[in-house]
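In order, the protein sequence lines correspond to chains A and B.
The first sequence begins at 1 in my numbering and counts up one residue at a time.
The second sequence begins at 1 in my numbering and counts up one residue at a time.
Just so you know, the hints here were simulated from the structure itself, not pulled from any lab data.
From the three backbone atoms N, C-alpha and C, an ideal C-beta is built for every residue, glycine too.
Treat the hints with caution; some may be incorrect.
Claimed, not checked - The calculated label-pair distances, taken between Cβ atoms and stated as ranges, are:
{"hint": "1", "chain 1": "B", "residue 1": "K339", "chain 2": "A", "residue 2": "S157", "range": "36 to 46 Å"}
{"hint": "2", "chain 1": "B", "residue 1": "T244", "chain 2": "A", "residue 2": "I123", "range": "21 to 31 Å"}
{"hint": "3", "chain 1": "A", "residue 1": "L354", "chain 2": "B", "residue 2": "E420", "range": "32 to 42 Å"}
{"hint": "4", "chain 1": "A", "residue 1": "W328", "chain 2": "B", "residue 2": "K305", "range": "51 to 61 Å"}
{"hint": "5", "chain 1": "B", "residue 1": "S256", "chain 2": "A", "residue 2": "V344", "range": "54 to 64 Å"}
{"hint": "6", "chain 1": "B", "residue 1": "N411", "chain 2": "A", "residue 2": "T169", "range": "54 to 64 Å"}
{"hint": "7", "chain 1": "B", "residue 1": "A451", "chain 2": "A", "residue 2": "S157", "range": "52 to 62 Å"}
{"hint": "8", "chain 1": "B", "residue 1": "T244", "chain 2": "A", "residue 2": "P34", "range": "35 to 45 Å"}
{"hint": "9", "chain 1": "A", "residue 1": "T355", "chain 2": "B", "residue 2": "K305", "range": "38 to 48 Å"}
{"hint": "10", "chain 1": "B", "residue 1": "S414", "chain 2": "A", "residue 2": "I324", "range": "27 to 37 Å"}
{"hint": "11", "chain 1": "A", "residue 1": "G181", "chain 2": "B", "residue 2": "T244", "range": "46 to 56 Å"}
{"hint": "12", "chain 1": "A", "residue 1": "F38", "chain 2": "B", "residue 2": "S256", "range": "19 to 29 Å"}
{"hint": "13", "chain 1": "B", "residue 1": "S247", "chain 2": "A", "residue 2": "I96", "range": "18 to 28 Å"}
Stated by the list, open to error - Sample of chain A residues with no beta-carbon within 12 Å of chain B, all distances over it, derived:
{"hint": "14", "residue": "V143"}
{"hint": "15", "residue": "P273"}
{"hint": "16", "residue": "G276"}
{"hint": "17", "residue": "M361"}
{"hint": "18", "residue": "Q376"}
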Amino acid sequence: MLGLTRKDTTILLIVTVLALGAPFLLNPFPISSPLAQFNAGYPDLMQRFVIFGIFAIGFNILFGLTGYLSFGHAAFLGVGSYAGVWMFKLLGMNVIPAILASMIVAGLFSVLIGYISLRRSGIYFSILTLAFAQMSFSLAYSVLTPITGGETGLQLSLNDPRILGQSVTPDGNIPVPSLFGLEMGENTRLVISNWVFTFNVGYYFCAVILILAFYLSIRIFRSPFGLMLRAIKTNQTRLNYTGLNPKPYTLAAFVISGMYAGLAGGLMVAMDPLAGAERMFWTASGEVVLMAILGGAGTLIGPILGAGFIKYMENIVSKINETILHNWFAFLPDGLEDIVVSMVYPFIGKGWHLTLGILFMLVVIFLPGGLVEGGQRIGRIFRRKKKKETGDGSGATTVNPAE
Amino acid sequence: MSKKITRRGVLAVTAGAGAALAMPTIFDGSVWADGHSGFTNAPQGDTVTLGFNVPQTGPYADEGADELRAYELAVEHLNGGGDGGMMSTFSSKKLQGNGILGKKVEYVTGDTQTKSDAARASAKSMIEKDGAVMVTGGSSSGVAVAVQALCQEAGIIFMAGLTHSNDTTGKDKRANGFRHFFNSYMSGAALAPVLAANYGTDRKAYHLTADYNWGYTTEEAVRSSTEAMGWETVNAVKTPLASTDFSSYIAPVLNSGADVLVLNHYGGNMVNSLTNAVQFGLRDKSINNKNFEIIVPLYSRLMAKGAGANVKGIFGSTNWHWSLQDEGSKAFVKSFGTKYGFPPSQAAHTCYVQAMLYADAVERAGSFNPCAVVEALEGFEFDGMGNGPTLYRAEDHQCFKDVLVVKGKENPDSEFDLLEIVEVTPAEKVTYAADHPQFAGGQLGTCNPGA
């Protein structure tokens with residue numbers, strides 16, 4: 001289907017179902033139960049899952065295929081965001097021109113940085129990209145304050161021209177981002193007894209783009225171009241000896257992945273029209289590396305899982321505070337309750353980084369292929385059982401290792 | 001379609017995806033509006049949820065922790081616990097200790113990380129997931145401005161925490177946002193007369209300014225008010241926010257002919273730059289036959305603690321200090337001290353007051369509707385909250401009240417007793433026109449009640 005193999009179609013279908021059904025899948029607990037704390041099905045977080053999923057998919061095209069580890073990808077996300085907000089300020093609140101501008105500007109920026117950084121490989125490449133990203137951050141934070149809004153971030157104001165739209169809504173507020181009049185922030189709620197499911201226009205817009213971006217990345221992975229990128233990762237010297245110049249290929253991969261980052265940045269401001277300089281900080285670049293590795297670098301679906309995992313930790317685990325912990329362990333005797341709470345406390349709330357760090361270490365040590373490898377291992381256990389039961393191995397599909 | 005995908009599987013998947021896609025279109029939004037009565041997150045049942053968005057990690061984590069303590073205390077008092085704190089001294093007597101409009105106050109907390117993106121994500125989850133009807137807190141102007149804009153979009157009231165930049169109620173003001181804390185202009189206006197009285201009117205000042213929004217507005221404010229009384233500004237140098245060693249910025253000061261150094265730094269920046277400056281022996285120098293002086297426009301007790309003995313004798317301004325002897329301050333210090341064992345910081349004070357003012361405004365408006373609350377707060381005059389008679393000005397949602405000029409204490413009695421109050425500058429001395437050039441360029445807009 002759509003020029004994909006059977007296996008890839010299945011993956012695409014899985015991603016489609018996950019993306020479109022997220023409002024249900026992420027809200028498994030009824031609102032009155034104490035477990036509702038773990039529900040992640042509210043628009044802002046779902047949007048983040050999808051947007052960082054796109055970011056990670058793009059990063060994976062560079063890192064997973066060519067093996068070039070960029071430590072400055074957040075710069076493209078940030079540049080895309082600024083371009084998007086400027087479109088909102090100058091043109092109007094339609095998200096399409098904003099997102100296109102984000103991708104184009106991020107693309108151009110990545111041509112520039114890629115052209116220079118790709119003269120080196122390995123650790124030198126990583127350091128060069130890191131340096132460029134930090135430079136962009138510092139510029140955005142102070143020197144370029146008139147363009148970027150500095151520390152406060154670039155935001156819309158009532159005085160913006162918006163030549164294709166309106167500067168001020170009739171009721172005196174700043175207009176909100178919309179897709180030809182369909183507001184991104186619009187919600188429809190579905191209440192089924194104790195469950196509340198929120199369907200957000202912005203989320204579905206992002207989800208559709210995620211599916212398209214994911215499809216494109218499958219096509220890139222399976223194309224001769226993708227094969228070439230993998231050849232670069234495997235042995236660049238040998239590629240040189242065969243008379244092929246790998247430069248144009250790596251630069252193309254770099255720009256494509258930069259444009260993915262720009263797309264993610266554009267979507268971020270389409271959901272929330274403010275661009276802060278922090279999203280270009282080196283920790284943000286490091287985060288996408290973590291996402292790719294945690295999920296499984298070089299696999300198709302891995303980066304999306306990694307992105308979802310990290311954003312879940314950041315937004316859900318970080319919000320559990322001491323009071324909530326005391327509620328959970330209220331059934332224990334008083335002294336014991338305090339002990340248990342004080343033992344768990346360092347790992348939740350503001351300690352979520354610690355939990356994430358431990359999980360990351362465990363994954364890297366025991367599942368070098370990331371969460372995807374974990375899934376495959378579980379899948380293999382079940383398949384082996386099935387084989388024994390039927391006593392017929394020929395019907396079972398062969399297990400393909402992670403790319 | 002390849003044959004390995006079974007007919008059944010495809011049917012199931014398509015049905016699921018189709019249902020998910022169709023759902024938002026089948027059900028009309030209004031049918032499922034679940035009792036929203038005209039504004040975002042109208043409280044249902046017998047509780048109301050407030051969102052406390054404070055820095056729990058990052059450079060201002062100490063202040064964030066103190067803010068959270070103050071909020072917890074405020075919630076306790078609103079729900080009728082503790083000794084009631086400032087509720088007994090507050091000039092408005094609407095609060096009864098039975099929650100807000102009879103609804104028990106509950107709260108959710110979040111971490112701003114002192115980053116505008118993270119702060120907005122945290123505030124959004126409070127609004128979308130937890131149903132918070134008001135968001136408050138924060139310890140930096142960048143965060144305050146970002147969250148304020150978000151609350152305006154979402155139709156939520158934002159009660160700013162510690163934010164000192166002019167922009168919060170200047171160029172970036174919003175109808176749904178309110179600031180109790182003072183600002184850069186007020187610091188400049190309050191400091192200038194005290195500086196003139198102590199250091200004379202023919203000084204040459206050298207500014208070191210943190211290279212971000214708050215630094216700029218503070219530098220501008222202090223410059224214009226000191227130049228107005230006859231000082232000369234020799235030079236103003238911007239320092240990167242991430243710097244920890246300021247020696248390379250301090251050395252040129254000595255050769256510049258300046259005899260006053262103004263440190264437009266806050267938090268860790270100020271602790272480091274002041275320590276560097278004192279270690280360089282600046283304060284023992286005599287230039288132009290005048291003793292070299294250092295000024296820190298915005299002081300906080302937590303900063304004074306960090307800089308230790310270096311703050312002795314250094315002037316600055318602050319919003320509130322626990323050693324104030326009015327009834328409101330005494331009541332607050334007492335109940336905070338009883339609960340936590342030490343006096344509150346100015347961040348804690350402003351946050352506590354903001355929570356109380358919000359609750360009171362809802363009581364007086366008789367509704368949680370943001371537009372009703374805005375109306376109740378605009379032009380509201382009150383007293384008994386530690387700063388003397390105070391006005392919430394309608395034009396820019398800024399509080400006008402007395403500003404404290406403080407000095408690092410020479411002989412502190414305890415680790416909390418680091419600042420002494422030099423002068424209480426009355427509110428009318430620091431009041432400015434709503435269209436003052438330092439605050440120009442923004443529009444309040446109209447209140448947004450959201451969905």
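Checked hints:
For the pair B/K339 and A/S157, the beta carbons lie near 42 Å from each other, so the given range of 36 to 46 Å is met. Roughly 26 Å separates the CB atoms of B/T244 and A/I123, a value that falls within the hinted 21 to 31 Å. A C-beta distance of roughly 41 Å is found between A/L354 and B/E420, which places it inside the suggested range of 32 to 42 Å. Range check, A/W328 to B/K305: Cβ separation about 35 Å, and the 51 to 61 Å hint is violated.
The hinted range of 54 to 64 Å is satisfied by B/S256 and A/V344, whose Cβ atoms lie roughly 55 Å apart. Taking the beta carbon of each, B/N411 and A/T169 are about 59 Å apart, inside 54 to 64 Å as hinted. The given range of 52 to 62 Å is broken by B/A451 and A/S157, whose C-beta atoms sit roughly 23 Å from each other. Roughly 43 Å separates the CB atoms of B/T244 and A/P34, a value that falls within the hinted 35 to 45 Å.
One distance hint, 38 to 48 Å for the beta-carbon pair A/T355 and B/K305, is violated here, with the actual separation near 31 Å. For the pair B/S414 and A/I324, the supplied restraint of 27 to 37 Å holds, since their beta-carbon distance comes to about 35 Å. Taking 46 to 56 Å as the suggested C-beta distance range, the pair A/G181 and B/T244 conforms, at roughly 50 Å. In this structure the supplied range 19 to 29 Å is violated for A/F38 paired with B/S256, their Cβ-Cβ distance being about 59 Å.
Here the CB-CB span from B/S247 to A/I96 is close to 52 Å, at odds with the stated 18 to 28 Å. At the 12 Å boundary, the C-beta of A/V143 falls inside the reach of chain B, the nearest C-beta of that chain being 8 Å off. For A/P273, the requirement that its beta carbon stay farther than 12 Å from each beta carbon of chain B is not met, with the minimum near 8 Å. With a minimum CB-CB distance of about 4 Å to chain B, A/G276 fails to clear the 12 Å threshold, and the non-interface call is violated.
At the 12 Å boundary, the C-beta of A/M361 stays outside the reach of chain B, the nearest C-beta of that chain being 20 Å off. Non-interface call for A/Q376 relative to chain B: holds, since the shortest CB-CB distance, roughly 18 Å, exceeds 12 Å.
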